[in-house]
Amino acid sequence: MERGVKECCGLNFKSVSFGELFLNKTMLFAYVLLAVGLIGWIQIYGLRFGHDFVNVKDMIGVDADNAKQLALAMKEQIFGMHHIEEIPRTEPWGIFVAQYTYLLYGGSALIFLTALAELFNLHIAHKASAALMTLGIALALGGMTSIASDWGNPLNIYWMILNPQPHSGMWMMLPLYSIYIPFTFVEIYFLMTNKRELAKKLALPLVVIGLGIDVAEFYIQGILFQLNEPRHLWTNFPSLWLYFLLTGMVSGIAFALIYAGLALREKEWYEELKVTLRKAGIVTIILVALYETISGLAGIHEAPFSTMFWGYVVVGLALPLVLFFIKQDFLAAILMAIGTFSARELFVYAGNAEPMTNRFGMGPEAFSTYNVAELEKVVYENPHTMEVLIIIGCVGLGIAIFKLLDTLLDVSNQPH
77 MERGVKECCG
87 LNFKSVSFGE
97 LFLNKTMLFA
107 YVLLAVGLIG
117 WIQIYGLRFG
127 HDFVNVKDMI
137 GVDADNAKQL
147 ALAMKEQIFG
157 MHHIEEIPRT
167 EPWGIFVAQY
177 TYLLYGGSAL
187 IFLTALAELF
197 NLHIAHKASA
207 ALMTLGIALA
217 LGGMTSIASD
227 WGNPLNIYWM
237 ILNPQPHSGM
247 WMMLPLYSIY
257 IPFTFVEIYF
267 LMTNKRELAK
277 KLALPLVVIG
287 LGIDVAEFYI
297 QGILFQLNEP
307 RHLWTNFPSL
317 WLYFLLTGMV
327 SGIAFALIYA
337 GLALREKEWY
347 EELKVTLRKA
357 GIVTIILVAL
367 YETISGLAGI
377 HEAPFSTMFW
387 GYVVVGLALP
397 LVLFFIKQDF
407 LAAILMAIGT
417 FSARELFVYA
427 GNAEPMTNRF
437 GMGPEAFSTY
447 NVAELEKVVY
457 ENPHTMEVLI
467 IIGCVGLGIA
477 IFKLLDTLLD
487 VSNQPH
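Residue numbers (the working numbering): 77 to 492.
Fair warning: there could be bad hints in the mix.
Straight-line Cα separation of at most 30 Å, DSS-like style, residue types lysine-lysine; simulated pairs [claimed, not checked]:
1. K90 with K101
2. K343 with K479
3. K90 with K479
4. K403 with K343
5. K355 with K343
6. K90 with K355
7. K403 with K90
Since the hints were made in silico from the structure, they are not lab data. Being a predicted model, the structure only gives us computed values, none of them experimental.
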């Protein structure tokens, strides 16, 4: 065993100092992003729980006749104030969910592609799979933190635990993530374990089960979005899970290329990994382009959704495809990462802000969903600054999680 390495449960843990673990350049960069996010978190929780309205002395000893009105006023103040900008009536989801779908699906798709490469016994997968799966789970956890920043979601989860409702689309997320996340760590463990004989025996069934869980994760997420009342052509499209998988692959490949370009350039197998990711990028971009063409999403003309759509198509798909063919992979990955976030904004905002279908024969659903007096062509509000700060902090959290695991377990240098 190498000097400075300790074995535990078949894994090699590096013996590193506090400074090496917490004060390296990557962690310092992550701290900057987390500090930016902390400003947003302090602001949003201050509005939620420290507002003057909540603390006024007149609330103490209120008489019974006014108790109901007081309760309704507090509920409106804490969970529905318009200027707090956290899922108001005119913005049913918001940028928190855009970030959630961006990092979660990108990370999940990266795990899916890595498991697929392992299943087909690609030579490069044996060298990079532990690092890429770890990157995928770090991204997914960063995305989950984003959506948890809206306090409505943790409270919903709390009540779903107390009152299980398996028929609920939101409730599906509890068993989904209770299986998906732990099993991903199991996959990573067996990719890294020193118990080689056991790992070899379990490798194939683990990868097959992992792929099944990955597909189930996208499928259930597709059902979850389809069960939400606000509907448009995104959520009505019959293969929504396929949209999540394909566009997530574009994001996941972008993250992998960026990581490889920053951290793996000195590896003797870097060029092989880059070529493999480039080929995967070309294939997935073409598949996504076919999906968008068939589903007819180019019909979105209202601003700002038209800007989001064409930014996604040009920056996230068209330019990276050209750059891949001239072997400018790192720049292509940067544009893919930017463009696919625009795609997530488009899905979340436009998929819920435009007037909805008349599927019940009672008029457009915008009336009941948004509680607006008159039907508007587009109902949209820009995200609040604090929300933008928070999603930056969530990116920093994902980077920090990956770097901590990489420093302790050396996932970037796993021997195969």
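Legend entry - Those earlier numbered hints the structure runs against, lowest number first: 6 and 7
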